[in-house]
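**Q** Sequence:
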Amino acid sequence: MTLSTIEVMIDAKIEDVWQVVTQLENVTWRSDISRIEVLNEGTEFVEYIMDGYPTHFTITEFHPPTDYAFTMNNDNMSGKWRGTLTKRGEQTQAVFTEEVYAKKLFLKPFVKRYLAKQQKQYMQDLKKHLEK
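Just so we're aligned, residue 175 is where the sequence shown starts under our numbering, counting upward by one.
Some hints could be false.
Said to hold, decoys possible - The calculated lysine to aspartate or glutamate pairs, modelled on DMTMM-like cross-linking and capped at a C-alpha distance of 20 Å, are:
| no. | residue 1 | residue 2 |
| --- | --- | --- |
| 1 | K302 | E189 |
| 2 | K301 | E189 |
| 3 | K291 | E189 |
| 4 | K261 | D185 |
| 5 | K301 | E235 |
| 6 | K306 | E264 |
| 7 | K291 | E273 |
| 8 | K306 | D190 |
| 9 | K294 | E211 |
| 10 | K254 | D241 |
| 11 | K302 | E181 |
| 12 | K187 | E273 |
| 13 | K254 | E235 |
Simulated from the structure, these hints should not be mistaken for laboratory data.
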């Protein structure tokens with residue numbers, strides 16, 4: 175199991191950050207995925223990265239505007255993601271934690287670095303979209 179957490183301050187209202195993070199129909203702000211397919215009335219979704227590789231997600235917590243969590247699964251890994259938003263004046267503190275299990279032994283040495291890279295890119299995309 176690999177655990178990775180990223181924390182950033184975003185110059186945006188907590189409600190605006192929540193809306194962007196949880197609205198699955200609009201992902202044009204994300205540089206790492208091509209599309210999302212929403213399933214089961216929004217309780218599940220499939221994310222497709224740019225080369226078309228899918229990852230299935232099931233939402234496990236949805237408490238606006240502070241707590242959002244889901245499980246994730248694809249051929250290479252399974253895990254959990256949790257996002258916590260906290261209002262800090264006119265800013266929002268975002269703390270996102272991923273817990274990932276590599277399904278293939280040869281992937282285990284690369285998971286920590288891959289997660290850190292993915293989280294950093296996600297936060298950069300999110301801040302760029304919200305702080306424009």
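**Q** Does the structure break any of the earlier hints, and which numbers would those be?
**A** 3, 5, 9, 12
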